[in-house]
Amino acid sequence: MGSLLSQLGLECGGKDVREKERHLRANDRELNLSYKYADNAIKTSKYNIFTFLPLNLFEQFQRLANAYFLFLLCLQSIPEVSSLPWYTTVVPLVLVLSMTMAKDSSDDMNRHRCDKQVNNRKVEILIGGDLSLILLYLSLLLQADLLLLSSSEPLNLVYIETAELDGETNLKVKQALTVTGKLEDSIEKLANFNGEVRCEPPNNRLDKFTGTLTLNGETYSLDNERILLRGCTLRNTQWCFGLVVFGGPDTKLMQNCGRTTFKRTSIDRLMNVLVLNIFGFLMIMCLILAIGNGIWEYQEGSKFAAFLPKGVNAPFSAFLTFWSYVIILNTVVPISLYISVEIIRLGNSFYINWDRKMYYPKSDTPAEARTTTLNEELGQIKYIFSDKTGTLTQNIMTFNKCSINGKSYGEPWQKVDFSWNNLADPKFCFHDNSLVEEVREGNPEVQAFFRLLALCHTVMPEEKKEGELYYQAQSPDEGALVTAARNFGFVFRSRTPERITVVEMGELVTYELLAVLDFNNVRKRMSVIVRSPEGKLTLYCKGADTIIFERLNPSCSNLTEVTTEHLNEFAGEGLRTLALAYKDIDPEYMEDWKLRHHEANTAMDEREEKLDALYEEIEKGLQLLGSTAVEDKLQDGVPQTIEQLSKADIKIWVLTGDKQETAENIGYSCNMLRDEMNEVFIVLKHHSTWNSISLVFHEQSFITFLLPIPPHLTLPPPSLSTQAFALEKDMEMELLRTACMCQTVICCRVTPLQKAQVVELVKKYKQAVTLAVGDGANDVSMIKAAHIGVGISGQEGMQAVLSSDYSFAQFRYLQRLLLVHGRWSYLRMCKFLRYFFYKNFTFTFVHFWYGFFCGFSAQTVYDEWFITLYNLVYTALPVLSLSLLDQDVNDWWSFQYPQLYTPGQLNQYFSKRAFVYTVLHSGYSSLVLFFIPWAAMYDTVRDDGKEIVDYQSFALLAQTCLLIAVSIQLGLDTHYWTAVNQFFLWGSLSVYFAVIFTMYSNGMFLTLISSFPFIGTARNSLNQPNVWLTMLLTSILCVLPVVAYRFLRILLWPTINDKVRGRGSTHLSLVRQDKVLPPAPRRVQARRTSTRRSGYAFSHAQGYGDLVTSGKFLRRTPKSRPALFSQTDSPLAQTQPQSYRTISEWEEPPLSP
Amino acid sequence: MAPSYNAKEEDGHQPGATGHGGAGTMTNKKPDNTAFKQQRLPAWQPILTAGTVLPAFFVIGLIFIPIGFILIVYGLTLLIDYTGVDMSSPCYNCSQSYSWNNTQSCTCSVHFSLDQPFESNVFMYYGLSNFYQNHRRYVKSRDDSQLNGDKTSLQYHICTLNRCSKECEPYRSSDKPIAPCGAIANSLFNDTLELYYIDPNGSRTAIPLVKKGIAWWTDKHVKFRNPSGNNNLTVVFQGTSKPVNWRKPVFELDPLDSDNNGFINEDFIVWMRTAALPTFRKLYCIIQKKPNNMTPTLPRGEYILEVTYNYPVRSFDGRKRMILSTISWMGGKNPFLGIAYITVGSVCFCLGLVLLSIHYRYGKRNNSAEISS
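Just so you know, the protein sequences line up as chains A and B, in that order. Take the first sequence: its letter number 256 is residue 256 in this note's numbering, and every next letter is one higher. Take the second sequence: its letter number 89 is residue 89 in this note's numbering, and every next letter is one higher.
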């Protein structure tokens, strides 16, 4: 195989002109290349080794903040303006630039690796020299849009699953043109194939394709039937050949993916606004000081000129002072703000990666934060948009219960042993032994029940080895039913267009298949008419209970009642139900019917209607057998998660491409829909059923809104006949308004792009933070559109995960992601910002006050080294430890009280208001921190009479007071004192004292006289009692109001957090004494008992009946593949246990490490 | 309460489900179970409760008030403004005829009396107000390496080659390099103060003023050094000129003590330690206590302050003061700190009482309040 493997892509070619039509010729590389169509390669990396440094620096300086600091640096190099030496800016700037650079380079390295992996995914490409012919094997995920040429299956059929594209898990059939099908697998023929394809340009319509194939002068039209789309998975098909039509970004899947936009959090945006305001504020402060300087220079400076060097005139001096103060006061927005924010987000992302409670052992998948910049947004989610298939559900159907002849089976008792049946599927589980006993005892109803299940379907069996059956079902429901019959001793063994062979309790029986009355969405039932070996004609029918009940023989009314009860019970448990019935048919009537059937079948016009009428006629007077209940298995913990999230006031919308019945059913089983809810209206395609008003959402799309009890909505009914697109301007407000009134919203039959549109709609008008969660390629667009995209790394490949911001294996981890990690991240980020702004504003305001005492000369209060190191060393680590470790309440309480989540949604912890409070607070602190030392020192001396109020001692005092005050404030803000916090806080203070004693030492001074003029200051002032008394006084004064205020607030207006914290502490202390244990989790009551509701849902599509009867479906001698392709089977396939559905266990290898 | 689904997930790692292909241990991506990674670090979670906050308030109050009294009680200070702004002031004449370059010195005598005797060592300060020694351009205007004895900054040709500090401009060089350079040095305070005690019998006794030991040890011995090489300062400072406002060159600052000349002159060092605020005082000299310890250093009575009035401050509305002060164990008399401590202490105590009453009134109600679910 190796020799045939080839890398799919080269470099991405830019396409300038908009394509009108696509033109390709098979096996003609020159022509195809001449069009410069997009290659299949995907390139996401940004740099290479040479461009890294210049490009990265250029990009970094494009950021406003960095450019601003560069500007500051320039200012500082002007001696007249420079109020601080250059190193105060250069040291932080270099640090920040290099850290960002390191991060960018590692990111880009990852991208390079990722690209390489994606682009090296292996596909067999036909030798004979063309890139565009591709050979595909069973269960392969398609990587390009292909024109199907030929396949291993009869009639050039190919079975595909499109779960990645639209979420539907049933198999679909594509058929190659007969003319290309003749190529079969002959290499020579394929190599000489020189068909020319003309088709539409790349677009995002999944359901449409138009084009032509010209071969040997003849033109064949191409439609969607001939096209295999990227993202489909090949099923039931050994191999097929295809011609690449669209590659890479041109594929329909990629065109449907929506744009990748750079996501920013709302805190980010708020921060940007604040930073702009702060700049404005900074300018005002500088202006005030500059004006002050002008006045001072005019009034005093001129007279004082004898003492001052280089006097300039007042206005010019004011101008210079303005810039000097810009330099000094720039610490309101220090460069370390940005780097700290990044570090905090990174740290909190790592916590997500490290969380064992979000690790899924079955697939060995830990949670992964793929984007490290969105964490705090996780604590603010208001809307969740969820996919259904694979996200809420496991996409596995299990036969769970049944009701046969008025008796219900399947109450969980103990696992049934099927070893008596050597054809049984070992993976099948059932928990009610009585049913097996009934079958084995030969209860006729029970046997008929399973006989029906074994006969009435469109499943294809496959028997690779004797006794090893594989069922290839069009819908998983059907697979589940047939498998159930198989385990209960009615093994569906094989079929031909005319016969169905069943092993009934170990006995081979062949039924003659007379007709298949196919399923469709209106009929909601399917029937088969078979003749048993004894010659008895029977019609077996299964379908929606309501439909079946209408067609029952009146004699069954008693049974119907009991069965209805059972059905309600099943539906109440969220099971998908089908009613089963049969009818014996009179042979003569059958002859007649068959004749008419043939007529109708060959009728030229109104064929459908005629057939429907015929079906209707024969499906009458049925005898009820019972009902089945199939569980669309939810993922573990889904109802609980949904309940938790809705308690946290998060609205969950389900957006699915699946049918309404299916979606609603899942809605009930995962507790989103409850019986007390009222369906207010349902938007359908063209007609309104129920008591509803219809909006036409989109062709084939409808939306289900469900509201809690009465308020009966009256909406101006839009005209029903005209096509209106709800997602277009005029309707979207209406849609949104209605949807937001509802407790639960389920949108069905939405295309991937519509999913994104719904998300955009909510984003646009609700100003709320949205999260989209999905697992398939059809969710990519909404994952990209939402503020936060979460990918479930489940069974449908990796597309969703790759475009997501967070990924994990199970839906239930979402609650931990939001309620714990999100909450903490938000809390930490807000605490960080509040504290950070506090400490820097306090720091800066002291300079402002000092301006009034130094002739507005832009003299700094602190030592220049302190200014350099304050943000980088003295306060960096304590605040980082606060914002990486703090927890107001632990995760257990976060789950106990999901309401704790709501402050985030309301932006309560950090908003403009909170910011103003912070500014006022730091204004107060700075007043204390400047004027207390000022007043305490201006008229005093050391204990040996020497001076202490010299500039250097005062600077030392002021900076020490500041550092102590902000450290205490940090302590007050810290709710969770770990050893790390203690270490960093005390460590930083110690480092501060160590640094000042070092810097102010003789040695440092003598080494670099001009840089360390503060020699001896520390020694000479820190041994003074009044210095320490001043520090104590300032600290107490800074803290006192805060403590009093917080104490009062907790006392008088406690928030839920305060209450939980208070309770948590008592609780924890009690736990330590082993007196109280956490209350045991209550099992959520998922059952509904009241109203009658059909649990009918069947993910089935029309058209299979035809295939079955026409024989297209059936395998003749499977064409063996050419010897050239030595490998016959994926090794996985052979080791798979028998199952009606072998899809789910196959996963793609993860793309990125 | 809804269950937290995760509880059972914790460590629920079934042995059978370790992963694919039995390579469970090798490919296991399960995160480490460390307290840090699982965010379960042991922690102290303090909350502001009545039990912690109220006692703290009372304790702070009870500690601060006595400290305040201690601070307020100690220390004696006498302050005499001799600027001569008023016509009545004895130094009025001198203040009118000021100029930096006055060769004649103007003297004036200020009479004052002490109501209380000053015990122990008495410190004599000169104080200036409205003098912006903390102005940025002023503060910068010095050359620490020159003051540390760097000879290159004294040599004309090197300085003209811009090798020595430019911060001193325009007081860097005239025709020769200025030593010491810069605006701070240039504006050295040059009044001379003398103190006389008037005996009850009318005779004047000069009080000995000690001018040594008024600067920080580190300044005197590390930061400020005369250029080395020659003990004769006249030779060392050859080729330099005195600052423009100075009457005497730097090596003749103290005519009485040859060791107190050059850059290590203590008056000069004290001046060079620029003040933080526009009103400041600097140590002028020390009046040491009498050896017999029987009579106070400055007994109660009449005194005369003899001022050699050189330093012009009228131009910028400055004030000159002479301050006599005694020192307690914790430094000079500091009324503010004492008052502040008493105030803060009382406020704390009152606040504690208020909070206590609020707590009694409302605390119970909230404690019993259930958390609404």
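Just so you know, these hints were derived from the structure itself, not from any lab. Note that CB positions come from ideal geometry on N, CA and C, so glycine has one too. Hints are supplied without guarantee of correctness; some may be wrong.
Claimed, not checked - Short, incomplete list of chain A residues facing chain B, as computed with Cβ under 7 Å:
#1 172
#2 173
#3 854
#4 924
#5 973
#6 986
#7 987
#8 1049
#9 1061
Hint check against the structure, violated hint numbers in rising order
The structure conflicts with hints 1, 2, 4, 5, 6, 7 and 8, although it agrees with all the remaining ones.
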